[in-house]
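K.L.:
In case you want the letters, here they are:
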Amino acid sequence: MEPSEIPMLSYDVVVIGGGPAGMAAAARARELGLKVLLLEENDYLGGILPQCIHPGFGIHYFREELTGPEFASRLAKRLVELGVEYKTAARVIEIENYSDLEKVVVFASPGGVCQVWTKAIIYAAGARERHAFEIGIAGDRVSGIYTAGEAQTLMDIYGVLPGKEIVIVGSGDVGLIMARRFALEGAKVKAVVELMPYPGGLARNVMILRDFNIPLYLSHKVVEVRGKGRVQRVKVVKVDENFQEVPGSEFWIEADTLIISAGLIPSVKPLRKIGVEIDPATGGPVVNDRLETSVPGIFAAGNSLVINDLVDYVAEQGELAAEGAREFIENGGIGSRKWVKVEKGPNVRLVVPHYLSGERDVYLYLRVAKPMEDVELRIPEIGKRLRLPVVKPAEMIRFRLKAGEIQRAEGKLTVEVVKA
Amino acid sequence: MTTYRFTCIVCPLGCAIEVDLKEGKVLGVRGHTCPRGKEWAIQEVMNPKRVVMSVLPVEGGALPTVSVKTAEPVPKERIPELMKFLAGIKLKAPVKIGDVVAEWEGIKIVATRGA
Ligand SMILES: Cc1cc2nc3c(=O)[nH]c(=O)nc-3n(C[C@H](O)[C@H](O)[C@H](O)COP(=O)(O)OP(=O)(O)OC[C@H]3O[C@@H](n4cnc5c(N)ncnc54)[C@H](O)[C@@H]3O)c2cc1C
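If you read the sequences in order, they're chains P and X.
In terms of this note's numbering, the first sequence opens at residue 1 and continues consecutively.
In terms of this note's numbering, the second sequence opens at residue 1001 and continues consecutively.
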């Protein structure tokens, strides 16, 4: 194709990713009167929700407990009602940043490669799962090793049981929910193996192990996989407080399938390419209180901003990003003059957003590094204190700061979680 | 006497509750902070129930399966029976989200995804 023949479309805002973050962002942007295009690489909208068939979605956002597909279909319905333009089977391959209000999104779809001019971008491409090699599992290259998301897609979209005797690595919510699905479908879950000394998931999901008599090995890790063609056995070893293997503690479990559920990482490749600053603690971009990244006019929401455990927060972030995009387009930029930097204090592993203007109230999302009881969340610079009975790395903490509170800070705010 | 130990899931406090049971009678409940937790713990030992989710094959839809859930919680020990019943069902598109696609012992099986 000659360059002049490449179709040229033009929008106020292009949303990348049709999961809950992207759908909420696109709907809100349209409500705010923007011309918006949503691009999704899958054949269907919803992101990971259509494969999450368990309940536990939407308690805050819709004030009703829904399954993943139900939550997705409500957002999709809203998009259709609002007349949002969207394309599925459209994979964004590149973002080009020409100037603050001139950006190009390049996407590939069955019809060919397409370029779209846009003033602002909301990046909501979700996360990717960590693979076996990233967590140091050695051994044979055999079939039967899946990430939890792959196994979930096989089972709950395509109706295929990935194996019969299963070992799961990781006791976060995703690993536990998969353990239940396998057990319900008649597979034998032989063990859930967790590196940390405590389970990674919510209590309601840890209960699943008791329901199905599934052994949980805490402070253990899978180090090796053996098999001919297919997984036959996996080697498990105990670790000490410093995560060092305890000599002589290893044992083998017979299994035909190994499921890796070792956490998610924001998927930010196209952002890195254009120089967006990434926070090593979240793996996602550094953002201000409109969720704008370090490249003006590029916003981020959902799991590509920070890994969320509740879809409600994801949708909320999508809407906030859309409001940011509107402000950006109307004023030719986010014109805040003074930014207060949010810093991490004791027992705070990550906190988002990173810069606050004090022009608006804001929700901060944070995760602690280790579990603690009877604690206070404190921001000493403004004398803020919040009592929390229990904190766990698995449960994201969300709290609100008023514009007035932020204005009282001089240059920075330190968030800490300490004994009350 | 048997003592059952578990983490309460009624709220994020996550109390460690213990229930003492003898010959089908609750002798004592410890560790809860509120009455709701106590009630939940007793129900959890006496008659635990769960909402059950699964997928059913569907012919002629955009995706090969439809996801379903029970309209109400099912006694835990009867879940394997329910799963066997579900394994025998095949659906045909169109299925709308919210459709009752089957019924088992008076419990409605509801589609949570369309096809
Ligand atoms: C197994 C599991 C269980 C969960 N259980 C619960 C629960 O019980 N309750 C709850 O509230 N939350 C739960 N969550 C969390 C919540 O569902 C997620 O945080 C949320 O779905 C993330 O939404 P998202 O829009 O950021 O990302 P995703 O849902 O991942 O959507 C991102 C979308 O972007 C698309 N995309 C990526 N790259 C491109 C590209 N280059 N071009 C075009 N499109 C692209 C992807 O195809 C995808 O559709 C669970 C998560 C998982 C993984």
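Calculated from the structure, these hints are not laboratory results.
One or more of the hints may lead you astray.
What the hints assert, rightly or not - Result set (SDA-like, lysine to any residue): computed pairs, CA atoms no more than 20 Å apart in a straight line:
{"hint": "1", "chain 1": "X", "residue 1": "LYS1084", "chain 2": "P", "residue 2": "ALA187"}
{"hint": "2", "chain 1": "P", "residue 1": "LYS164", "chain 2": "X", "residue 2": "MET1083"}
{"hint": "3", "chain 1": "P", "residue 1": "LYS341", "chain 2": "P", "residue 2": "ASP279"}
{"hint": "4", "chain 1": "P", "residue 1": "LYS402", "chain 2": "P", "residue 2": "LYS269"}
{"hint": "5", "chain 1": "P", "residue 1": "LYS238", "chain 2": "P", "residue 2": "PRO215"}
{"hint": "6", "chain 1": "X", "residue 1": "LYS1038", "chain 2": "P", "residue 2": "ARG210"}
{"hint": "7", "chain 1": "P", "residue 1": "LYS269", "chain 2": "P", "residue 2": "ALA108"}
{"hint": "8", "chain 1": "P", "residue 1": "LYS77", "chain 2": "X", "residue 2": "ILE1097"}
{"hint": "9", "chain 1": "X", "residue 1": "LYS1084", "chain 2": "P", "residue 2": "PHE212"}
{"hint": "10", "chain 1": "X", "residue 1": "LYS1049", "chain 2": "P", "residue 2": "ALA108"}
{"hint": "11", "chain 1": "P", "residue 1": "LYS235", "chain 2": "P", "residue 2": "SER249"}
{"hint": "12", "chain 1": "X", "residue 1": "LYS1049", "chain 2": "X", "residue 2": "LEU1091"}
{"hint": "13", "chain 1": "P", "residue 1": "LYS188", "chain 2": "X", "residue 2": "MET1083"}
{"hint": "14", "chain 1": "P", "residue 1": "LYS119", "chain 2": "P", "residue 2": "ILE135"}
{"hint": "15", "chain 1": "X", "residue 1": "LYS1076", "chain 2": "P", "residue 2": "GLY186"}
K.L.:
Need the status of pair LYS1038 (chain X), ARG210 (chain P): alpha-carbon distance at most 20 Å?
P.N.:
19 Å, holds
K.L.:
Within a Cα-Cα threshold of 20 Å, do LYS1084 (chain X) and ALA187 (chain P) meet the stated pairing?
P.N.:
13 Å, holds
K.L.:
Check the hint pairing LYS188 (chain P) with MET1083 (chain X) against an upper bound of 20 Å on the C-alpha distance.
P.N.:
Holds: LYS188 (chain P) and MET1083 (chain X) sit about 15 Å apart, inside 20 Å.
K.L.:
So if I understand the rule, the pair passes when the alpha-carbon distance is 20 Å or less; does LYS119 (chain P) with ILE135 (chain P) pass?
P.N.:
40 Å, violated
K.L.:
So if I understand the rule, the pair passes when the alpha-carbon distance is 20 Å or less; does LYS269 (chain P) with ALA108 (chain P) pass?
P.N.:
Judged against 20 Å, a Cα distance of about 16 Å means the pair holds.
K.L.:
Check the hint pairing LYS1049 (chain X) with ALA108 (chain P) against an upper bound of 20 Å on the C-alpha distance.
P.N.:
Judged against 20 Å, a Cα distance of about 47 Å means the pair is violated.
K.L.:
LYS402 (chain P) and LYS269 (chain P): Cα distance at most 20 Å?
P.N.:
Given pair LYS402 (chain P), LYS269 (chain P) is violated - Cα atoms ~34 Å apart, limit 20 Å.
K.L.:
Holds or violated: LYS1076 (chain X) with GLY186 (chain P), Cα cutoff 20 Å?
P.N.:
Between LYS1076 (chain X) and GLY186 (chain P) the Cα gap is close to 15 Å, so the pair holds against 20 Å.
K.L.:
Given the hint that LYS1084 (chain X) pairs with PHE212 (chain P), test it: the Cα-Cα distance must not exceed 20 Å.
P.N.:
16 Å, holds
K.L.:
Mind checking the alpha carbons of LYS1049 (chain X) and LEU1091 (chain X) for me, to see if they're no more than 20 Å apart?
P.N.:
Given pair LYS1049 (chain X), LEU1091 (chain X) is violated - Cα atoms ~27 Å apart, limit 20 Å.
K.L.:
Within a Cα-Cα threshold of 20 Å, do LYS77 (chain P) and ILE1097 (chain X) meet the stated pairing?
P.N.:
12 Å, holds
K.L.:
Take a quick look at whether LYS235 (chain P) and SER249 (chain P) sit within 20 Å of each other, Cα to Cα.
P.N.:
The given pair, whose Cα atoms are some 10 Å apart, holds under the 20 Å limit.
Going down the numbered hints, you'll see the structure goes against 4, 10, 12 and 14, while the others check out.
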